[in-house]
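K.L.:
Sequence:
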Amino acid sequence: MAKKLGFDDEEVADIVGEDDEDDYLGEIMRNAEIPEDGIIREFWHAQKWRKTMDLDILSPMYATGLKHYYVNEVCQLGDGSFVVPVRWVTFRGKIYADAFSVTFDSQNQEATIMDSKTTFICAENLADNYHDLKHAGKIPKWGALTEAAGYPARMPNPKRIIAAGRPIYSSLVNYFSDDVSGNRSKSWNKHWNAYMTHANLPRELHQQEFHVHFVSTSPNATVSEQFQEFKAAVEATHTKPVDVRDEFGNTSCFCIHVNAGASDNPMQSEVSSHIGGKGNCFCRKCRVGGTQKEKASNEGYHSLFEFKTITQTNVFHIRGLVSELKFKAWKAVGELSALLWVPEIRSPTEYQGDLKVAIGNVLDICAAIDPSKIVAKMKYHLLVHAPYDAAQFGPLIGVATEIFESFNGVFHYCSILSNHLAPSRDIVRQLGDQEGLKHRITGGWWSLDEGGEMVLQKLVGWTEKKLVKHGEVRLIPLKRGKTTREEIPLKSTSAGRALNFGLYNPDSMWKKCLHVISESLDECFIDSWVFAKSLTPDNSKFIGRISDILVDTAGVVLVVLERFQVLGEHDELYGMPALVRRDGEVTFLIVPAKSVMFKFNVQDDCDSAGCEATGIRLRMQERVESDQTESFVIHKSLDRFIINTHAFHNAHLLRATLPRNLVAPIPLHPDREAIHHELASQLRQQLVTRKRKRAQQDDDDEGSQPRKKAKKAKRGSRRTSGQNPQEYLASGRAKRQIKPTEKARATPGPDGDKVDSEEESDSSDMAYDYDSDDDLPN
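Here full-length UniProt numbering is used: position 622 in the sequence shown is 622, and no number is missing along the way.
Don't take each hint at face value.
With a cut-off of at most 25 Å between alpha-carbon atoms, the simulated PhoX-like pairs for lysine-lysine come out as follows [as the list claims (entries may be wrong)]:
no.	residue 1	residue 2
1	Lys326	Lys379
2	Lys134	Lys67
3	Lys693	Lys373
4	Lys373	Lys691
5	Lys511	Lys469
6	Lys231	Lys190
By construction, these hints were calculated from the structure, which means they are not laboratory data. On a predicted model such as this, the values are computed, not experimentally measured, just so you know.
Assemble the whole structure, with the sequences as input and the hints as a guide.
P.N.:
Given below as structure tokens:
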């Protein structure tokens with residue numbers, strides 16, 4: 001579809017259709033439910049799909065057997081009342097609809113659609129659809145208000161025509177584009193690439209490279225030109241839906257729409273026809289900005305603030321290595337990163353409030369380091385829009401670009417196999433073959449060339465995620481040469497020191513385990529820090545470090561925890577919760593395996609203990625000790641630890657379990673606007689100073705021009721009129737003692753003869769050795 005622009009691409013409809021025809025993926029997409037607990041985990045849990053998205057984009061109908069119910073069409077419930085569905089959702093395993101109720105005027109029996117609010121109805125209660133009512137002559141007589149609102153004109157739904165009796169649904173995709181090198185080496189071979197993911201799939205599948213689909217590539221056509229073709233392909237499905245079959249051979253169709261454009265800043269500006277980060281109004285999401293003078297004013301500067309691995313542990317490593325201001329910046333960045341990388345949002349209002357505070361802290365501290373960065377760098381301002389984006393799309397890791405960047409590796413391997421006479425064609429063919437292979441090995445339908453019949457074949461099936469259960473354990477592997485595992489009495493383990501040891505038989509025999517599965521399905525090992533439920537009736541939660549994991553012959557699993565307690569205030573240095581032993585004593589507690597809730601990250605309080613890198617050890621190379629040494633930190637004994645709230649893993653569970661005052665971000669400044677005005681004043685002073693220096697530099701450059709011209713004229717006057725360069729060089733030979741090199745001697749002269757050491761040559765390849773340190777004359 002993109003031949004005129006000189007690039008090749010995959011057929012978007014075919015790619016999305018393969019997901020729908022896949023048994024496993026199709027079942028997942030058909031059971032995308034609204035959660036009962038209200039926790040936001042997926043795209044369809046957030047506000048965009050549930051509130052702000054155009055209703056015509058969402059799936060328009062519900063099918064039960066051969067009867068189809070469409071949105072914006074009147075239908076009748078089993079109790080005889082009339083409704084107009086506007087949105088279909090899945091809740092508690094059943095299909096429901098947000099619908100407008102229909103009321104009747106008792107005098108003239110005119111019907112009015114009550115569109116001020118919706119009612120939640122179960123689809124099982126629907127009886128007659130629009131065609132049933134029309135055939136039976138039961139279509140209500142609409143009142144003037146309903147007629148003016150245009151509801152009768154939209155009945156029947158226009159999508160009934162393009163569906164042609166088939167069930168019709170909507171599939172949404174996330175579009176990504178970027179410039180990528182076609183080489184695996186550092187040599188730059190620019191290609192503009194476009195990928196996509198299927199937004200109807202669960203978020204955890206979006207993080208798998210398998211579910212990233214190649215769309216197009218070209219070293220010539222820009223991302224905006226490729227997006228134009230992608231847009232045309234998507235819009236074509238709105239009038240000619242894509243046919244697919246499910247595992248039972250039933251035919252349905254779907255239309256494609258775009259959910260999000262998860263590209264980096266330059267590419268998003270390119271696709272949206274925005275001027276980019278160098279413009280005065282550098283934000284494509286709002287109208288903030290202006291001229292440099294306007295952005296440096298108090299009001300303009302303040303408006304800019306309105307609203308991965310290294311960040312998790314960096315504050316524990318850089319203490320004492322950077323200034324206090326930069327240390328605060330790293331703390332603010334770590335706190336914000338942990339908030340952004342959550343896999344679920346339990347309380348949207350609270351989460352957005354925390355996000356605004358954390359973003360404000362990052363912007364304020366970065367502005368304090370350099371006020372001009374807020375004006376010059378668009379990325380700082382875009383953080384302000386993160387709370388709104390989280391409300392619209394749910395957890396932002398669902399639209400993160402890391403998985404697309406990772407897919408560039410697949411593109412590189414396909415690119416290096418091309419002879420680059422028609423690179424986009426070669427790459428598309430290779431990636432198209434990969435898409436076909438993925439579709440076949442996961443049990444999808446495809447068409448045979450000779451018969452045109454759809455065939456279903458499962459070659460290796462879908463590799464499903466291994467299911468683990470809460471409370472399961474894995475025994476410690478047998479040592480080489482041994483056939484049986486050692487059993488030890490309970491009293492010989494750390495359980496013998498537990499406070500509730502008396503509840504168990506001290507002489508019972510147990511085997512040690514490698515790990516236990518927590519409630520969050522984490523593998524918790526020895527020395528893992530976990531939250532667990534106590535054995536008290538109220539199931540209060542406490543923190544412990546795993547000391548032993550034991551299982552007996554009956555399969556009973558016990559976990560021995562060394563108990564700690566959380567202090568009521570933040571650590572003064574790191575701003576994180578601190579852990580100490582209860583009353584300064586080492587205490588243990590035995591709990592069942594199913595009491596373990598989740599694990600989290602804890603760091604030693606090296607600053608208080610004064611830990612230093614005084615240890616020396618041999619460096620391991622391929623599991624063998626080498627003769628090279630390395631330094632390492634020796635942790636001093638101190639009964640105090642820091643809960644790392646900057647860590648990403650289980651950050652959402654940690655925030656939900658710890659007291660609110662220990663996890664809520666604390667604003668750096670109570671009056672941010674006053675601070676912004678002060679920083680704006682500093683910025684204006686910087687701009688004035690910079691302008692003054694530039695003017696002074698321009699004056700110096702202008703003053704140096706006459707001297708440069710005089711020097712150049714003096715050099716030119718050294719040459720006599722008509723004297724050629726070779727004669728000029730010869731005139732200075734005696735003084736400079738120039739000796740022709742071997743290359744000069746071997747250079748043919750004007751007559752084709754070799755030039756000896758006493759002759760001059762007109763060759764431009766003449767080379768000289770200099771006995772003098774002086775430069776050549778000009």
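K.L.:
Now, for every hint given, state plainly whether the structure supports it.
P.N.:
How the hints compare with the structure:
no., hint, in the structure
1, Lys326 with Lys379, "18 Å, holds"
2, Lys134 with Lys67, "14 Å, holds"
3, Lys693 with Lys373, "20 Å, holds"
4, Lys373 with Lys691, "17 Å, holds"
5, Lys511 with Lys469, "20 Å, holds"
6, Lys231 with Lys190, "23 Å, holds"
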